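J.: The whole structure should be built from the sequences, with the hints applied where relevant.
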Amino acid sequence: AQSVTQPDIHITVSEGASLELRCNYSYGATPYLFWYVQSPGQGLQLLLKYFSGDTLVQGIKGFEAEFKRSQSSFNLRKPSVHWSDAAEYFCAVRRGSQGNLIFGKGTKLSVKP
Amino acid sequence: IAGITQAPTSQILAAGRRMTLRCTQDMRHNAMYWYRQDLGLGLRLIHYSNTAGTTGKGEVPDGYSVSRANTDDFPLTLASAVPSQTSVYFCASSVAPTATDTQYFGPGTRLTVL
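Residue numbers (the working numbering), protein chains in the order written: chain A, 1 to 113; chain B, 1001 to 1114.
Please keep in mind that the hints were generated in silico from the structure rather than gathered at the bench. The structure displayed is predicted, hence computed values, not measured ones. Do not rely on the hints blindly, as some may be mistaken.
Claimed, not checked - Listed next, the in silico DMTMM-like pairs over lysine to aspartate or glutamate satisfying Cα-Cα at most 25 Å (straight line):
#1 A:K49 to B:D1101
#2 A:K105 to B:D1073
#3 A:K108 to B:E1059
#4 A:K105 to B:E1059
#5 A:K49 to B:E1059
#6 A:K49 to B:D1062
#7 A:K105 to B:D1101
#8 A:K61 to B:D1101
#9 A:K105 to B:D1062
#10 A:K68 to B:D1101
#11 A:K49 to B:D1038
Unchecked claim - Which stretches of chain A does chain B cover? Using the computed rule of at least three CB atoms under 8 Å from a CB of chain B, they are:
#12 43-52
#13 103-109
All C-beta atoms, glycine included, are put in the ideal place defined by N, C-alpha and C.
T.: Laid out in structure tokens, this is it:
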């Protein structure tokens, strides 16, 4: 069965510092991978997605993610974090046939001034 | 363009009561989904609909039912609410139920069952 693991429940970084949020997936075939962000009290917004091709994917708000098949990972990165990036981040994998999203448990990001 | 609207925004409900959470999208998307979000568990799929007139069960369907009479609306019903159904419920939609289609999420309904 497919699964998504986000090892870090909560991460705190200083504003201006770089960020990497980890995501590992378990899926037999080529996965369809997504990162979503949820601001407090809000719904989820898509940051970026990977289906095929270039393994480094650019998203909105200055985020990028790199797909590494050998490590079954799809880590999210940002070179310089802004206070407005404080939110919860969810990695998700999608099954090819039905399109149902399987979410990780999320990583909460706090940003120190 | 409103996207996806959900109602109510929040609700406190007595156990045993019936409750319908409403979801409407104006994007003419074929596929719609209901998820519940619980602390430490992420989002889990309750039910989905690939197109109007069809529905399917997700990961945690017990205690919930859905209908899809038209393209725009996808209500979620709790026939007899229990405290374990206390959660935040998100409706989502996508153009098609395929792996490459982005799912767009509504703002959520916070439900408390006492």
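J.: Please work out if K49 (chain A) and D1062 (chain B) have their alpha carbons no farther apart than 25 Å.
T.: At roughly 31 Å apart (the allowed maximum being 25 Å), D1062 (chain B) and K49 (chain A) break the hint.
J.: Given the hint that K61 (chain A) pairs with D1101 (chain B), test it: the Cα-Cα distance must not exceed 25 Å.
T.: With Cα atoms ~20 Å apart, K61 (chain A) and D1101 (chain B) stay inside 25 Å; holds.
J.: What's the verdict on K105 (chain A) and D1073 (chain B), does the C-alpha distance respect the 25 Å limit or exceed it?
T.: 28 Å, violated
J.: Taking 25 Å as the top limit, are the C-alpha atoms of K68 (chain A) and D1101 (chain B) close enough?
T.: 22 Å, holds
J.: Does the alpha-carbon distance linking K108 (chain A) and E1059 (chain B) stay inside the 25 Å limit?
T.: Answer holds: K108 (chain A) to E1059 (chain B) is near 24 Å, not above 25 Å.
J.: Does the alpha-carbon distance linking K49 (chain A) and D1038 (chain B) stay inside the 25 Å limit?
T.: 24 Å, holds
J.: Are there three or more residues in the region 103-109 of chain A whose C-beta lies closer than 8 Å to some C-beta of chain B?
T.: holds (count 4)
J.: Hint check: K49 (chain A) vs E1059 (chain B), CA-CA at most 25 Å. Holds or violated?
T.: 22 Å, holds
J.: Run the distance test for K49 (chain A) versus D1101 (chain B): straight-line Cα separation, threshold 25 Å.
T.: Satisfied, since the Cα-Cα distance of roughly 10 Å is no more than 25 Å.
J.: Please count how many residues of the region 43-52 of chain A have a CB within 8 Å of a CB from chain B and say whether that reaches 3.
T.: holds (count 6)
J.: Holds or violated: K105 (chain A) with D1101 (chain B), Cα cutoff 25 Å?
T.: 22 Å, holds
J.: Are the Cα positions of K105 (chain A) and D1062 (chain B) separated by 25 Å at most?
T.: Within the cut-off at roughly 21 Å; holds.
The structure does not agree with the numbered hints 2 and 6 stated previously, though it agrees with the rest.
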